[in-house]
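**Q** Line by line, the protein sequences give chains E and Y.
Using our numbering, read the first sequence as starting at 1 and increasing by one per residue.
Using our numbering, read the second sequence as starting at 1 and increasing by one per residue.
What the hints contain is simulated information worked out from the structure, not anything from laboratory work.
Among the hints, erroneous ones may be present.
What the hints assert, rightly or not - Covered stretches of chain Y (chain E as the covering partner; in silico rule of three or more C-beta atoms under 8 Å from a C-beta of chain E):
id: 1; segment: 367 to 379
id: 2; segment: 481 to 491
id: 3; segment: 495 to 504
Note that this is a predicted model, so its numbers are computed, not measured.
Think of the CB as a built atom: it goes at the ideal place given N, C-alpha and C, for glycine as much as any other residue.
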Amino acid sequence: MKHTIIAAGLSVVAGAALAQAPVLTVYTYDSFVSDWGPGPAIEAAFEAQCGCDLQFVGAGDGAALLARLRLEGDGTPADIVLGLDTNLTAAARGTGLFAPHGIAPEGLTLPVPWTDREFLPFDWGYFAFVHRADLADVPRSFGALAASDLSIVIQDPRSSTPGLGLLMWVQAAHGADAAAIWDGLADNIVTVTPGWSEAYGLFLDGEADLVLSYTTSPAYHLIAEDDAGFAAAPFDEGHYMQIEVAGLLARSDQPELARRFLAFMLSPDFQSVIPTTNWMYPAALPESALPTGFETLIQPAKALLVPPEDAAAMRDEALAIWQRALAR
Amino acid sequence: MAARARPLTGVHWAGAVLAALVALGVLAPLGAVLARADWPLALGPADLAAIRFTLLQAALSALVSVVLAVPVARALARRSFRGRAALVTLMGAPFLLPVIVAVLGLLAVFGRAGWLNAAVAAIGLGRIDIYGLHGVVLAHVFLNLPLVVRLILQGWQAIPSERVRLATALGFSARDMLAHFERPLLRAVLPGAFLLVFLICTTSFAVALILGGGPRATTVELAIYQAFRFDFDLGRAAALGLIQVAICLLGGALAFRAIRDQDLGPGLDRPAMVWPGDHALARFGDALAIGVAGLFLVAPMLAVLLKGLPALPDLPPQVWAAALRSIILALASTALAVMMALPIALLAARLARPGLVEGLAFLTIAVSPLVLGTGLFILIRKVADPVALALPVTGLVNALVALPFILRALVPAAMAAEATQGRLADALGLGPMARLRHAILPRLTRPLGFGAGLAAAFSMGDLGVIALFSQPGQGTLPLEMYRLMGAYRTDDAQGAAVVLMVLTLAIFWLFDRGGRLDAATR
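Please build the complete structure, drawing on both the sequences and the hints.
**A** Written as structure tokens, this is what we have:
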């Protein structure tokens, strides 16, 4: 009996202590919060300095995240959404759910200027076709790839953000000729997968010579597996970028804390976690601070990026071109 | 018939209420998505193409699965050989595998870098290409053939042995056996099995896309994904969800019309293995059917096993934690599914049109998991935090989706029990509870064990709605496996796949075996 009373008393105290720590709810994609992603280290680092309870909530990938937010609308419990990319920010802005971040970011290390008022970048990467290092006749352009007998696996743009990135890449690099490029690529494509994981798994199992991934993918094999056997094919027309961003919700009940988190996001404590957990380039960390191994990665001659509003406008037509070419 | 004249008892009314709740559990989330949609609902030409392709591949997959399952099930029913029980259990595994594991296993055998192509190249022939409609059908047959084999086998084993002995005494030929035993049996089992596979295949998405080779192989489920996350067009997602319901109801109406009562007459004993009209050619055919099907079903699993085994000793602890979570979830889902299935099956067995009740339950596999999950999310949000309820909701949905599998195993057995032991019990004037306990339930333990095994295994292997509600530290084993894959940790993911495969198979085996140990018929 005595124990029950003590236990009850303790739980009241504990409840009170918890109630005092403000909760910051951050929506992000699932692989960010998984034990293999950046989430756990970032949560610990921020909680050590904020006197708050940082709660990550995972929801599929970037596009699923946006859909979730649209479902919840004004009633969303999220304070921050982290993990949209620039192909999605126009639609996210269109919901009217986001507030200006009010931060003048310093020390950004993106290869492009950043002026977005609602969204701040936390990491970025270049899409690239990854292959085994011993592949002969590595293609140097979409044209060369299409003309070759090499086989590739790609992701479906309707269910995968890298898949959509590839559409925008072809569109940004070839514009009016995009349809011809896709016609040429059609016979190189072994198959199309719902997401990145399946495509990369198929590639590792030898189903294709190349897979659509990132220029940073070989760094995983080099650093985590001590295997220098992978490389990304540098394309002459340049590589399309994926910039992953976070935004602050206008209806957040913790706007101050949320802004602190956004500032923390651009600090070394957050940024230094990114390279070897998300396997992307951090958005605000000098090259010298990158882990050993990243210096071996290819440096694209040109960074391609369609501005968010244009990307949203181009999307449907790019998808129609893709479907027409591959449906044959 | 006397069975219809008898009054319905409490358990039957419970079955009616549960069946209504199950239908509500599917239709309410669909309604919630509809309520959020912009009207009018409109479908584009791409959606119509997706519907056409979905129906085509599902019909082909179901047809091939059913046609191939007949000789395999017949062979297994007639022959006893060393390792038969192990083979029957092992052959059930593909159905239980998570989709991505099954795909990687199939590609290890049939893919461009697979065993088959290596063998074909060794004898100097060209490459076999698996990607296309034939690849989709192959994968769906791989996944569903074992289910159909088990359902037919269930029917075969229900043939009373005095009938078989009588046939032997009368000197029945193989042709007589076909006319008097096998044809009526297959007419009773095949339409339901066809419908089950057909409906499973209509919500296929990843398998169809990957093995179909690209956007040609766009299914309704993928169109729903596109509507939901690419266009955020809830109206189109809901309209496509409604079409899935229509396909299910139409398919159900057709299939259950085709089902004829398994009018084999009463029998009170276990089936004999000796089959009248046996001859050398039949023995050869049976050996061939078992050999080919065994190879086809076991080889991809062997590939999964070989790839994953080296990673087993060093698997991260999170995988084991997730495995424990998945086992608990599977047991809870199974308990729930069995509690729902039993009264519904007893009700169905009492009705003139059992298909109506069972068809309602089939809605749970015909409706898109994405629509179901999204609708539930909308509904739950109004009263509670869906993320905090991720595991219970996943368990509930898994139970709902597993329900049709248990019912398909249970309803024919319940009907047979009503027709035989039930009649006897009525003649003896047993009260409703005693009748249930002594006459009906003992005849159901075997299909119940099998059905519960399917439900548990399904719940273990399914990614389910947890992916829509996930929270750190709550992952199930399939989710954790996907997370490992998504973090480049392919070796660990393959190791996790082996854990998943072995656990799923073990849990299925335990239930299935438990049902047989206690069964009145073996």
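**Q** Could you tell me which of the numbered hints above are not met by this structure, giving the numbers in increasing order?
**A** Hint 3 alone not satisfied by this model.
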